[in-house]
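S.K.: Now for the letters of each chain:
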Amino acid sequence: MIDTGLDTEAITLITGAQQGIGEAITRRFSAAGARCALNDLEATTRLVDLAKETNSVVAPADISNRALVHDMVEQLIDSHGPIGTLVCNAAYMTMAPFLDHDVEDWWKVVNTNLTGAFNLVQEVLPSMRSLGAGRIVIVSSYWGVTGWPDATAYAASKAGLVSFIKTLGRELAPEGIIVNGIAPGVISTPQLEVDARDAGVSVAEIEAQYATAIPAQRVGQPSEIAEGVAFLCDRRIGSMVGTILQVNGGEVRARV
Amino acid sequence: MSAAARVALVTGAASGIGASIASHLRHEGFLVAGFDLVPSDCDLSLEGDVSDGAVVAAAVAHAQRELGPIAAAINVAGYYEMLAISDITQAQWDRMLTVHLGGLFNLTKAVLPGMVELGTGSLVAITSELAIGGGDHDAHYAAAKGAILGFVRSLAVEVAPTGIRVNAVAPGPCDTPLLSADSPWRDRAYLDTLPAQRLADPNEIAVAVSYLINHDSFMVGETISVNSGAVI
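In the order they appear, the protein sequences are chains A and B. Just add 8 to the spot in the first sequence (first one is 1) and you have our numbering. Just add 54 to the spot in the second sequence (first one is 1) and you have our numbering.
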């Protein structure tokens, strides 16, 4: 078997693992022999089944709640050992014209996506430091790079993650903890249902609409983002730091 | 899709980053044709200058005959020199552009028809961190490497509908023969300013190239920066 470079000893914590990109990341990592812990809001039947199928453990918690993240990480480490890889994938998205966006809901988007990553990194970092190495990948979004109408909260949270990734990349690289991000373009996931609802069309229609703006002439697949995350967690590379891998079929071709 | 028996062509394959990429891809099961001024350790060694379009075209045709259709082409051939802007001669400027940008142009012209015929393919250009951030005494090198970024983004859009993906890798200072023993990029004081505090290893560039030419990628017209955090 060709070396895939993924850590197969310490725990890999994947948030938002239940569906879409998170599920694809789980399948990609576990197929390579990684020991995965699957986080999502609750230990639903779907999450538990995915864990069984991929020989993983479940680690439910609302990532926007610091106390719950603390307990989840502590229990995980107590039961299964240190966390060597963290994939911050969980996200919450709602869309609305700016003035119509409910203030509490606006902050829920930011608190889940941006503060959630902050909570996770702060809680997991001591474990990585005990290992003397680590890999952190944070899932941003191309909307965090380009902005998008009716998505101020989501775009702001994802743009905040870009700077968070760059800064943590600089801050943690000297101790061998490598932080990078990935900014998916339009990917065929349940989240597209939110966009479709906002536009008042079907999911198939919204995918076709998006594809017209993508040089590759199609939307991406969750497995393609999982492949990018696996690349960023590859232990054979340690000199790639604070970067944002843009996987979008060519829709955005610029540095972030 | 398995990488087995796919054919890759690597320019600048005789040493440094090119040699690491060629070796890595062969390990992954690719048949690799190497193109360089001198012989390279590949399945097929081709010699010539990338700045000569006719020579590159003949080499690509030779590789296709010997190994089969080319699924991946990686343009690495290049060289580095530092000069103050007032000291760059016209000949040095022209040579820098014809090797880096011209070499990529020539390689693209030669491999693209075969990839279009296949309906798939991947082209990777090695650019540089200096294309993004610039550097003291790097005007002609950075101009040539920066031109590659514009070329890659545009070509990527043009050929994406045909199933061909074009991307770039921008290494930072890398531990290769391109950096002389007394190069300022090897200076410990400089390296300590980098988040990763070291030169990149050519094998790290090879892993990035391998990721880009993998079929499970939705990356088009992008640049992967493997630069120890020199430019973030």
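None of these hints come from the bench; they were simulated from the model. Remember, predicted model here, so these are calculated numbers, not experimental data. Virtual Cβ for every residue (Gly too), placed ideally from N, Cα, C. Among the hints, a few may not be true.
To be verified - Quick look at which bits of chain A chain B covers, simulated, 3 or more residues with Cβ under 8 Å:
| id | region |
| --- | --- |
| 1 | 70-77 |
| 2 | 153-162 |
| 3 | 169-178 |
| 4 | 247-258 |
Claimed, not checked - Far from chain B by the CB rule (all over 10 Å, computed), these chain A residues:
| id | residue |
| --- | --- |
| 5 | M103 |
| 6 | V111 |
| 7 | V129 |
| 8 | A181 |
| 9 | A212 |
| 10 | S231 |
| 11 | R261 |
Stated by the list, open to error - Derived CB-CB ranges, DEER-like:
| id | chain 1 | residue 1 | chain 2 | residue 2 | range |
| --- | --- | --- | --- | --- | --- |
| 12 | B | A111 | A | Q130 | 33 to 41 Å |
| 13 | B | N257 | A | T154 | 28 to 36 Å |
| 14 | B | A243 | A | A219 | 45 to 53 Å |
| 15 | A | T154 | B | D148 | 35 to 43 Å |
| 16 | B | L172 | A | V209 | 29 to 37 Å |
| 17 | B | A145 | A | E213 | 23 to 31 Å |
| 18 | B | M136 | A | R244 | 41 to 49 Å |
S.K.: If a hint holds in the structure, say so; if it doesn't, say that too.
M.R.: For each hint, the structure was consulted:
no. : hint                          : verdict
1   : 70-77                         : violated (count 0)
2   : 153-162                       : violated (count 0)
3   : 169-178                       : holds (count 3)
4   : 247-258                       : holds (count 11)
5   : M103                          : 23 Å, holds
6   : V111                          : 33 Å, holds
7   : V129                          : 16 Å, holds
8   : A181                          : 4 Å, violated
9   : A212                          : 19 Å, holds
10  : S231                          : 6 Å, violated
11  : R261                          : 4 Å, violated
12  : B:A111 <-> A:Q130: 33 to 41 Å : 56 Å, violated
13  : B:N257 <-> A:T154: 28 to 36 Å : 34 Å, holds
14  : B:A243 <-> A:A219: 45 to 53 Å : 50 Å, holds
15  : A:T154 <-> B:D148: 35 to 43 Å : 38 Å, holds
16  : B:L172 <-> A:V209: 29 to 37 Å : 35 Å, holds
17  : B:A145 <-> A:E213: 23 to 31 Å : 58 Å, violated
18  : B:M136 <-> A:R244: 41 to 49 Å : 30 Å, violated
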